[in-house]
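Novice: The lines below spell out each chain.
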Amino acid sequence: MVYFFQIAIDTLVLASVYTLIGTGFALRYSIAKYLDLGYGAHIAIGAYAYFLFSEYFGVVAILPAVIFSVTVAYASERFYFAKLEDKKSSPMVMMIASLGFMTLVQAIIAIFFTSSVQVLHTDASVIKIYDVVVTYIKIITIAVAFSAVILLNLVFTKTKFGKHLIAVSDNKDLAQTSGIPIKKLSIISASIAAGVAALSGILYGMDTIITPFIGLSLLLSGITAAILVNIQDPKKVYIGALILAVIQSLVIWFIGGMWKDAAVFLLLIVILLLRPEGLLRRRGIRQV
Amino acid sequence: MIVCSIFIPLALSLDLVVGRTGILSIAHAGFYGLGAYATAILTKTYNFSFFSSIILGVLITAFVSYLLSKILSRLKGDYYTLGSFGVIIIFYSLFINLTGLTGGAMGIFSIPNPNFFGLQISSNSWFLLMSSVFMLGTLALMQAVISSRFGLIIQAVRDDELAVKVFGYDTASFKTVVFVISASVAAIAGSFYAAYISFVSPNAFTFNESILILTMIIIGGLASKRGAVFGALFVILLPELLRFIGLPDSIAAQLRVAIYGAILMYLMYKKPTGLFGNYSP
Numbered sequence: 001m002v003y004f005f006q007i008a009i010d011t012l013v014l015a016s017v018y019t020l021i022g023t024g025f026a027l028r029y030s031i032a033k034y035l036d037l038g039y040g041a042h043i044a045i046g047a048y049a050y051f052l053f054s055e056y057f058g059v060v061a062i063l064p065a066v067i068f069s070v071t072v073a074y075a076s077e078r079f080y081f082a083k084l085e086d087k088k089s090s091p092m093v094m095m096i097a098s099l100g101f102m103t104l105v106q107a108i109i110a111i112f113f114t115s116s117v118q119v120l121h122t123d124a125s126v127i128k129i130y131d132v133v134v135t136y137i138k139i140i141t142i143a144v145a146f147s148a149v150i151l152l153n154l155v156f157t158k159t160k161f162g163k164h165l166i167a168v169s170d171n172k173d174l175a176q177t178s179g180i181p182i183k184k185l186s187i188i189s190a191s192i193a194a195g196v197a198a199l200s201g202i203l204y205g206m207d208t209i210i211t212p213f214i215g216l217s218l219l220l221s222g223i224t225a226a227i228l229v230n231i232q233d234p235k236k237v238y239i240g241a242l243i244l245a246v247i248q249s250l251v252i253w254f255i256g257g258m259w260k261d262a263a264v265f266l267l268l269i270v271i272l273l274l275r276p277e278g279l280l281r282r283r284g285i286r287q288v
Numbered sequence: 289m290i291v292c293s294i295f296i297p298l299a300l301s302l303d304l305v306v307g308r309t310g311i312l313s314i315a316h317a318g319f320y321g322l323g324a325y326a327t328a329i330l331t332k333t334y335n336f337s338f339f340s341s342i343i344l345g346v347l348i349t350a351f352v353s354y355l356l357s358k359i360l361s362r363l364k365g366d367y368y369t370l371g372s373f374g375v376i377i378i379f380y381s382l383f384i385n386l387t388g389l390t391g392g393a394m395g396i397f398s399i400p401n402p403n404f405f406g407l408q409i410s411s412n413s414w415f416l417l418m419s420s421v422f423m424l425g426t427l428a429l430m431q432a433v434i435s436s437r438f439g440l441i442i443q444a445v446r447d448d449e450l451a452v453k454v455f456g457y458d459t460a461s462f463k464t465v466v467f468v469i470s471a472s473v474a475a476i477a478g479s480f481y482a483a484y485i486s487f488v489s490p491n492a493f494t495f496n497e498s499i500l501i502l503t504m505i506i507i508g509g510l511a512s513k514r515g516a517v518f519g520a521l522f523v524i525l526l527p528e529l530l531r532f533i534g535l536p537d538s539i540a541a542q543l544r545v546a547i548y549g550a551i552l553m554y555l556m557y558k559k560p561t562g563l564f565g566n567y568s569p
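Taken in sequence, the protein lines are chains A and B. Count the first sequence with this note's numbering and you get residues 1 to 288, in order. Count the second sequence with this note's numbering and you get residues 289 to 569, in order.
It should be emphasised that the hints constitute simulated quantities derived from the structure, not laboratory data.
Okay, the calculated beta carbon distance ranges per label pair:
{"hint": "1", "chain 1": "A", "residue 1": "F57", "chain 2": "B", "residue 2": "T333", "range": "52 to 62 Å"}
{"hint": "2", "chain 1": "B", "residue 1": "I359", "chain 2": "A", "residue 2": "F57", "range": "46 to 56 Å"}
{"hint": "3", "chain 1": "B", "residue 1": "S461", "chain 2": "A", "residue 2": "R275", "range": "23 to 33 Å"}
{"hint": "4", "chain 1": "B", "residue 1": "L563", "chain 2": "A", "residue 2": "K158", "range": "45 to 55 Å"}
{"hint": "5", "chain 1": "B", "residue 1": "L563", "chain 2": "A", "residue 2": "Y136", "range": "46 to 56 Å"}
{"hint": "6", "chain 1": "A", "residue 1": "T114", "chain 2": "B", "residue 2": "A550", "range": "12 to 22 Å"}
{"hint": "7", "chain 1": "A", "residue 1": "V119", "chain 2": "B", "residue 2": "L417", "range": "47 to 57 Å"}
{"hint": "8", "chain 1": "B", "residue 1": "V454", "chain 2": "A", "residue 2": "F79", "range": "37 to 47 Å"}
{"hint": "9", "chain 1": "B", "residue 1": "P536", "chain 2": "A", "residue 2": "Q118", "range": "14 to 24 Å"}
{"hint": "10", "chain 1": "A", "residue 1": "S178", "chain 2": "B", "residue 2": "D458", "range": "37 to 47 Å"}
{"hint": "11", "chain 1": "A", "residue 1": "L250", "chain 2": "B", "residue 2": "I359", "range": "19 to 29 Å"}
{"hint": "12", "chain 1": "A", "residue 1": "L279", "chain 2": "B", "residue 2": "L386", "range": "29 to 39 Å"}
Simulated coverage check for chain B against chain A, where a stretch passes if three residues somewhere in it have a Cβ under 8 Å from a Cβ of chain A:
{"hint": "13", "stretch": "369 to 377"}
{"hint": "14", "stretch": "381 to 392"}
Glycine included, every Cβ here is placed at the ideal spot set by N, Cα and C.
My request is simple: use the sequences and hints to build the entire structure.
Specialist: So this is what it looks like as C-alpha cells:
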C-alpha cells in the first residue's frame, strides 16, 4: 500500500512537470503555429542556470535562473525568431531554425558543464505521510503545477492579455486587423513560456538529475501531453499530462523502466494516427 | 575517406525523401542502424557472408520502412516529423533493450571483415574500394531515380501534392516507394559501417545522428546531389579542422555540434536553400 502511494506521488510529480512543459509549449504553439523545438533549450538553460547560481545563492537562485532563461528567450525571440517570421518563413523553416537553436544551446551547455549528469542543489528534507516518505520538492512541484494551471485559466478568462492570446490563436490575421500587437504578444508569450520551461527544468532537476540533453526528452513528453488533449489549448494540457504520466508509470511498473520512452512515443504515434486534433478538440472550427 | 563514402549515400538517400519529396523525416538513422545491426548479428553470430547480410539487411529494412511509411503517411506536415521522432526513439529503445539480440548498450563487437569471394578484405584500401563502389552506385541510383518519370512525380508531390492527386496519381504509394528506397540505401550504409568499425552500439543510431544527416543536406542544399555530397563532406571534415586547433576531444565534439546548430540558424535566416540547393523548405 505504501508502495502504491509512493508511485502515485511520483506519477503526480511527473504529471506536474509535463503539465508545466506542455502548457508552456501549447501556449507557444497556439501563437507561433510552428513546432518550436527550441523550447526544449529553455528547460536546460533554466536547470543549468540554477546549477550555476545556486553555488552562490543557494535555493534562492531559482529566481535569477528563471529570469536568465526568460532573458535568453526574449533575446532569441526578438532578435532572431521574430525576424524569421517577418520574412514569412514556412513553418518547416522555423522548425529547422528552432532545431538549430536547441542543438546550439545544448552543445554550449555541454561544453561548459560537461555532458555528465549533475545534481541540483536542493533542500532534501522530507516529510512522512502515513509511512510514505515524500521530499518537499515533490510537493512543491505538484503545487507549482497546480497553481500554474489555475493562474493560466484566470489569465485567459479574466485579463485582456489572455483574451488577446486567444484571439491571435484563433485567427492571426483578423486579430492583427483588430489592432492587437501580434509581434509584441508573440515575444511576451514566448518569454513567459520559457520561464515556465525553466522552472520545470529546475524542479525536475531537483527531483532527479540533469544532463545537457534533458531538454529534448522532456520537451517531447510535454508535446505528447499537449497533443493528447489539444495542442492549441494550454488550459487543458494538465489532463494530457496526467494520462501520460499514468501510462508511463504503468509501463514502468508492469513492463520495465527501460521501455518508458518507447511507450511514450508509441502513444504519441497512436494518438497522432487516431485523433491528431487531440482528445478534447476545440469546439467549433476544427484545428488540425 | 571511408567514412565519407558511408555518409555520402546516407545524405543522398535522406535528400531523396526530404529534398525531393518534401517529407521531413528524422527516422533515417534508425534504418542506418537496422542495416548495421543486421550485418553485425548475421556475420558474427550466424556466420553469414558480408554480402548476404547486406541483402538480408535491405530486405528487413525495406519491410520495416514499408510498414512505417504506411503508418506515418497518415500524419500531416509537422505531425509526420513528430511521428518520425517517435519512430527513432522506439528504434533506439529496441536496440538498447533487446540485449539478447543486440547486446544492449554494450553493442556488438569484433564484427568480422567482409569476405569477397574468398578474398578477406582486411586492409583499408580494399575496403575503400568497396565502399566507393557503393557510394558511386548510390549516386548513379539517385541520378536514375531523379531524372526518371518517377522522380518528376515525387518532386511534383513535394511542390503541390493536391495538384498531383487531381491528375489521378496515388501520391501515397509514390511517397512509400521513395521512403523504402531511401531506407534501404541507409541500411546498406549501415552494413558498411558495421563491417568497417567492427563494432555497433545503440548510441550511433540516435536522433542526434538523424539530425546530423539532416544538417548535412540542409547545409549542402536540398534537392541537389552536389549539395548532399558537399554537405556530407563538410560535416565530416569540420571536426578534423577543429582537431588542428588542439582542443580536447570532448569539447571539440560538442563545439562541432554547436557550430552545426549555429550554421542551421544562420542558413534558415539567410539562405534556406543551403549552398547548392534547389528547394527551400
